[in-house]
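Chains as they are written, first to last, in the numbering used here: chain A, 780 to 1043; chain B, 34 to 374; chain C, 107 to 371.
Keep in mind that the hints were calculated from the coordinates and are not lab data. This one's a predicted model, so the numbers in the text were calculated from it and none came from an experiment. Backbone N, C-alpha and C define an ideal beta-carbon position, used for all residues, glycine too. Don't take each hint at face value.
A few chain A residues that face chain B, going by a derived Cβ cut-off under 8 Å, partial list only [stated by the list, open to error]:
| no. | residue |
| --- | --- |
| 1 | Phe789 |
| 2 | Tyr879 |
| 3 | Glu1034 |
Pairwise CB distance ranges, derived in the manner of DEER restraints [claimed, not checked]:
| no. | chain 1 | residue 1 | chain 2 | residue 2 | range |
| --- | --- | --- | --- | --- | --- |
| 4 | B | Asp132 | A | Leu922 | 41 to 47 Å |
| 5 | A | Leu922 | B | Glu186 | 51 to 57 Å |
| 6 | C | Tyr207 | A | Leu798 | 33 to 39 Å |
| 7 | C | Glu189 | A | Leu922 | 29 to 35 Å |
| 8 | A | Val930 | C | Gly289 | 29 to 35 Å |
| 9 | B | Gly83 | A | Gln876 | 43 to 49 Å |
| 10 | C | Glu279 | B | Arg234 | 41 to 47 Å |
| 11 | C | Ala198 | B | Asp132 | 54 to 60 Å |
Derived lysine-lysine pairs resembling BS3-like cross-links, with alpha carbons at most 25 Å apart [to be verified]:
| no. | chain 1 | residue 1 | chain 2 | residue 2 |
| --- | --- | --- | --- | --- |
| 12 | A | Lys795 | B | Lys197 |
| 13 | A | Lys976 | A | Lys832 |
| 14 | A | Lys832 | C | Lys290 |
| 15 | C | Lys364 | B | Lys197 |
| 16 | B | Lys197 | B | Lys233 |
| 17 | B | Lys322 | A | Lys795 |
| 18 | C | Lys195 | C | Lys364 |
| 19 | B | Lys317 | B | Lys293 |
| 20 | C | Lys364 | A | Lys805 |
| 21 | B | Lys171 | B | Lys197 |
| 22 | A | Lys805 | C | Lys290 |
| 23 | A | Lys795 | A | Lys805 |
| 24 | B | Lys197 | A | Lys805 |
| 25 | B | Lys293 | B | Lys322 |
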Amino acid sequence: MGGAAWEAGFVWEHFKFNLASAMEYKWSFVSQVVFMVLNDFLLLFFWWLIFGKVQDIGGWTFADVIAMHAVLAAAYGLSVSVFGNVNRLARIIAEGQLDYYLLLPRNPLLHALVSRSDISGLGDAAFGLAALCLFTPVTWGRLALFIAVSVAACTVYTCFAVITGSIAFFIGNAQTISLQLLGALITFGGYPDSIFKGLVRAVLYSVVPVGFVVYLPVSLLRNFSAARFSGLLAFTVAMVWAARCLFAVGLRRYESGNLVSAKI
Amino acid sequence: MLMRQVGDVRAIEVSGLTKVFEVREKSPGLAGSVRAIVSPSVREVQAVNGISFQVDEGEMLAFIGPNGAGKSTTIKMLTGILYPTQGRATVLGVTPWEDRQRLAGRIGCVFGQRSQLWYHLPPCDTFELLAHVYDIPKPVYCDRLNMLVDRFELGEFMRTPVRKLSLGQRMRCEIAASLLHGPRVLFLDEPTIGLDVVAKRAIRELIRQMNREEGVTVFLTSHDVGDMEELCRRVMIISHGELILDTSVSALRRDYLRFKIVRVRLADAIDRFEMRGVTVAKHKQTNLKLSVDTDVASIDDVLTELMRHARIADITIADPPTEQVIADIYGRGASEALGGR
Amino acid sequence: MSGVTAKYFHVARVSMRARTAYLADFLLGSVFYALILYVFVQLWSVLGRTRGFAVEGFGPRELVWYLMASEAIMLGRARFEQETDEEVKTGAIAYYLNKPYRYVLFKLASYWGETALKMALNIAIGATVALLAVGPIRVNAAHLLAALACAAMALTLNFLISMALSLSAFWVEDTAPFFWIYGKLLFVLGGLFAPMEVYPDALARVARATPLNYVLYAPARLFVQFDMDFFMSALMMQAVWIAALSLLVMALYSMGVKRLNVNGG
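Extracted from the complex, chain A is given alone in its bound form:
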């Protein structure tokens, strides 16, 4: 019992299950995916206006900005479609819904995350792939790199969401704060880091890890370097470790029954 393969299989089973149940409502499924694809393409409209007037913004070309949105969408889309409860972890903890997962013989964090799937995420992921292929030069190597960095970025985002959601173990109703932090990450992730400087830049490469979800992946797509790629992987691993630790500590607190909004 145990092991990464076993857990991966569990995630895959749940994803298939969620997908199958979403496809029961065909119109809803298709419209969610299509609308998200359209939505994401529309976001590029603004950049199309800007790059109609300039060649680059602090070294970032239109292709770079598109790659940035592609990675962001792919990472976010993968995260919410596989780990559908990722943005709602704080609420699940605060409302005591973790009990249900604790009564089952599976890793409660993983189980809570995969119990739901946000189908619009598939639209995001589809957009990411499409935008990259349609508007930037693509080779098989570049595509493979895109998938690799997107998976890493997805992991970082998911872990970041777990960390912010776990705040609920300590201060009770953290759903709003959690959403603010996640929203900030998504917002900043839509703009090239060449426009930020100083303290803000430092924050974007640490506390709100936009740098590792978006900027570093894009720089790798621009020109690959093994050193920076290892840096991304190292940060990803660190995030996974941090997320699991924080959740475990929080869970211990949950099991003491002494949460701020405990339901006795």
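Since the structure of chain A is already known, use the hints to place chains B and C on it.
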């Protein structure tokens, strides 16, 4: 590893289990919130206070108590969701809060508030998912599923979305789902709530069957006295965090019955009837309904007193319903109840 | 104040109070608002220093204040589509059967109650952030009033468009996609992030032909760069669109309610 000989390891063993909650008190308003962060005032709430009991494999017991008595806290500790402040417990030889995931594969839970079934999907889908959750090998799962579908008569609605099922059908699916992985201990919380009489009877029969054939230990919490009386041979009553009674259901009625209900029709109407130890529940001209505390006044005395006022045309002396017995016990509390008669 | 007007004013006030209960949600939006302003301060400054980037009449400072105004309106709009959807689906809307204008005016009063509050807060927050970030723009009291008047017309225009979309609930199962599309069109044709001056001519012409342009671009631009001609024409176009949409909304309401009667709700 767990190697069990018959009678070697009890299903549940609890000793001195205690749970004290630290509740942060917060005064209302902004000032209160600030104060709560700077110097929080913590109040201790004793939810469970040193309870001890043992349950053998295959037993069916009722675990009852008024709201806030510590029932759900105890169950949470037995299922590993909560860890105690003091005391020990083992379920199937495993300490629940230390080895929760392993225990979870061997116990089943049906809790009233939270449904295991996915609302928009048919039950068969939930069962399949549970097979993955519990890692049940395919052939084992198929056999087990067929048996449960047969036994619980789920065949005709296995493919109907759960939201379209009646409460009774849903409950049958819930209990079947909780038995899918062949648990040794089943925790049931209000399994018949909201069901009509026929459905209640069906559910109880199914639980009885599973206990008979598979020897599943049943730990039942229910406010429905019928559940207790029809399913369980043993009852534990918890009140204010303490186990105030641990006895058989038959002994409960026999030994703790102290009130009698006396319905009398007199030949002539009387204005009032007063007597120590007697409560007049209803008085309409010639008809009286009395509740007699037999600790204070014997039936003999009551009849004598009645006959002093008027002749008796008709009389019925009956036991109060079990609900009343239990409510009475809740009211009396630990020391009195344990003192017995 | 006549009896009828007093009643609607009361409705607006009640709506304003009820919505403040959702403070947490509003604060969430405010943080986003401040964040997006900050990001654009950075973006416009960098672009302002980039060769080749020139927007007629708009320097980086003006562009930031433009965004402040357009986002204030975008985020300040009260959303009532879910309510209306429910009222149509449950048939509660039929209570206003014989007085269609009553329903629309009731909804308008309730909309303005919430919108006025959110706008006031947005203006306060947005102005603070913009002032701290890029400093003040040249504007005098008269221009400010003019811009506010234009904004008030713009928000009313938004109400009517939203109302028309909402009333499609009489015929359509789910109106949410319409509102999603409306939002996206506002973004593109209304000039949310950038004024028409940034757009290529052809697209700008198309945008100006739609009412959405008068929901965001007109008031925001007026605020940043006032000129009398533009003010007059904008006000006139807003009035025209408001009149046209009012007729549309009334027509939709009557048709819808008739359908409700025929089908039994």
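Which numbered hints are broken by the structure, listed smallest first? The structure conflicts with hints 6, 7, 9, 15, 17, 20, 21, although it agrees with all the remaining ones.
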